[in-house]
Amino acid sequence: MRAVYVNQKSRYLYLGVSFLLIASAQPDWSVGACILASCFGFALFWKGLLNFSSRKARFWVATLWFALIQAFHFSWFLSDRYVGGYIYPFLSILYLGLGLQFGLLSILIPRGSKLSYFRLICLSSLWVILEWSRLHILSGFSWNPVGIALTSTLYGIQFTSLFGVFGLSFWVIGTNLLALKFLLSPSRKRGINWGVFALIPYLFGVAHLSFFANRIDKSDGSSLSILLVQPSLSPEEKYPMEGTIPLSPDLQWERILSMLASYKDSSVDLLVLPEAVVPYGADNVLYSSNTVRHAFTTLFGDTRDLIFEPANFVGNSYWMEKLADFFEAEVIVGLEDMEFDEEGSSCGYNAAFCFHPSKGRERYEKRVLVPMGEYIPFSWCKKILSKYGISDSFVAGKQAKVFSTKKASVGVSICYEETYGELMRANRLQGADLLVNLTNDGWYPRSRLPYVHYFHGKLRALEGGIPLVRCCNTGVTCGVDAFGRDCGMLPYDSKKQESAPGILAVDLPLFSYATLYSRFGDKPVLFLSFASLICYSVAFLTGLFKSKQLKIKDLNIYLLKKN
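Just so you know, we're using our numbering here: the sequence shown kicks off at 1 and counts up by one.
You may find that some hints are simply not true.
Heads up, simulated BS3-like pairs for lysine-lysine below, C-alpha to C-alpha not over 25 Å straight-line [stated by the list, open to error]: (1) LYS264 to LYS359; (2) LYS398 to LYS523; (3) LYS189 to LYS114; (4) LYS406 to LYS264; (5) LYS238 to LYS496; (6) LYS359 to LYS406; (7) LYS264 to LYS407; (8) LYS114 to LYS56; (9) LYS9 to LYS56; (10) LYS407 to LYS359; (11) LYS238 to LYS495.
Note that these hints are calculated values from the structure, not bench results.
Put together the whole structure using the sequences plus the hints.
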């Protein structure tokens, strides 16, 4: 069957319509565009692209098309009030790099009706490997996999529990290649194959939720009473910055205590405060113990059960200890921390602490550091970053850490870490039955970053089959159950609204279950992807070898006849 192509004018219509569709395919922008994009959005683009006879033209059209789409999806980077103009050269490199990956995929799609099912699997596998490879450049780049288009509905997002976000990307590319196969050579069989493949994630979601609805009804219904603190302070209100006067640390603490005062008589299982909730780290001496005692007695009233050391000078950790003792609950909080060796050298960490009532504390060190903000990747960057007050790097943590609380084992992540599936799976393997993320998205104000970050983090609950709470400074402070359903959310910073300081009191269901992803992680989809490409490479080289043999045989026959 011959492939059906479009005329040269129509190809630009395909390119334009597909651009509008894919550019709109973000869960916070358009649920409909996400569904259509996952079914045939890329197929429309490839249908128009294959009308270019030159491979070079197809490569660069695909590269620039996808790079421009990424610029739309990452529009939150343009909120550069705090990061400054240095980010734009890096953004250009980023968009071009992502575009080049898509350009490579697109030139491997054959013209004509030569798109076999085996090749379709291989192309989907190649895209998975390209997305996975992004995790291994500098500290990694995990944002915006194409599989995110499948997660805009409650039913579609359940598919994440099988093979994680890379499995979603495999499915989206595979579905679109089936759509392209149908568009190029329409037939009833190809249409049915495409339609079934496109519907499977949603049918799975319906069956998945129905099956577990019965199990939830039969469970003990245990839940965790959690208070999530959202300070909602801008960077210049928290930290000393040029031309601004921040709130003093003790006033920042009084502000937090005043928010918690409404819950002083509540029964609380867990209290959570966001990443770097106050400046100057965990143990730098900043306050007298009398200042802490006065704040607690003024705002909380009767504190006779608390013991305040007289005339001592203390740091931020002292406030946390007293909060844990007052509420008789664990307090999980983000604070910077320092360690010194015998020679006086220091190591700085972006850390999370768990303060136990009258039982000391545990610490987790952030494992994935953000380039430029938390570590300096190249020496030539130091001069640029010094203008923004960044002169040194944090030290990355080495392993996951699960905190034991009264009712749950808690796996903690800090900021960007929650966008890494395997990283969060390590918490599940260590026995976590609740994920807690501490975040400060305030460095990109009045942008869509908080929601984008929230949605990427939400996938970890689905992958692990466990609930999640997120505690943010200005971002999306919320609770999410094991199926991705919101259990409460505070107003967050966006283009339409400002974040509001407050407390989210949530009774979070602790129901959890073992998912395929929690057992095997990314291994199944990566094994399939690498195995498919190896098989394709062997088949290609074998075909090339046979082709050369035939040419040599034909040449020998020609020479014999000539002689």
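Structure-based check of each hint:
1. For the hint pairing LYS264 with LYS359, the CA-to-CA distance comes to about 21 Å; that is within 25 Å, so the pair holds.
2. Restraint check for LYS398 and LYS523: satisfied, since their Cα atoms lie roughly 21 Å apart, inside the 25 Å limit.
3. Restraint check for LYS189 and LYS114: the C-alpha separation of about 16 Å stays at or below 25 Å, so the hint holds.
4. A C-alpha spacing of about 19 Å is found between LYS406 and LYS264, which places the hinted pair at or below 25 Å, so the restraint holds.
5. The hinted pair formed by LYS238 and LYS496 meets the criterion: a straight-line CA distance of about 23 Å does not exceed 25 Å.
6. Distance check on the hinted pair: LYS359 and LYS406 sit about 12 Å apart at the alpha-carbon level, within 25 Å; holds.
7. For the suggested pair LYS264 and LYS407, the alpha carbons sit about 20 Å apart, so the restraint of at most 25 Å is met.
8. Between LYS114 and LYS56, the direct Cα distance comes to roughly 19 Å. Compliance with the 25 Å bound is thereby established for this hinted pair.
9. Only pairs whose Cα atoms come within 25 Å are accepted, and LYS9 paired with LYS56 is accepted, the gap being roughly 20 Å.
10. Using a Cα cut-off of 25 Å, the hinted pair LYS407 and LYS359 holds, with the two alpha carbons roughly 16 Å apart.
11. At most 25 Å may separate the alpha-carbon atoms for a hinted pair to count; LYS238 and LYS495 meet this at roughly 22 Å.
Checked against the numbered hints above, the structure violates none of them.
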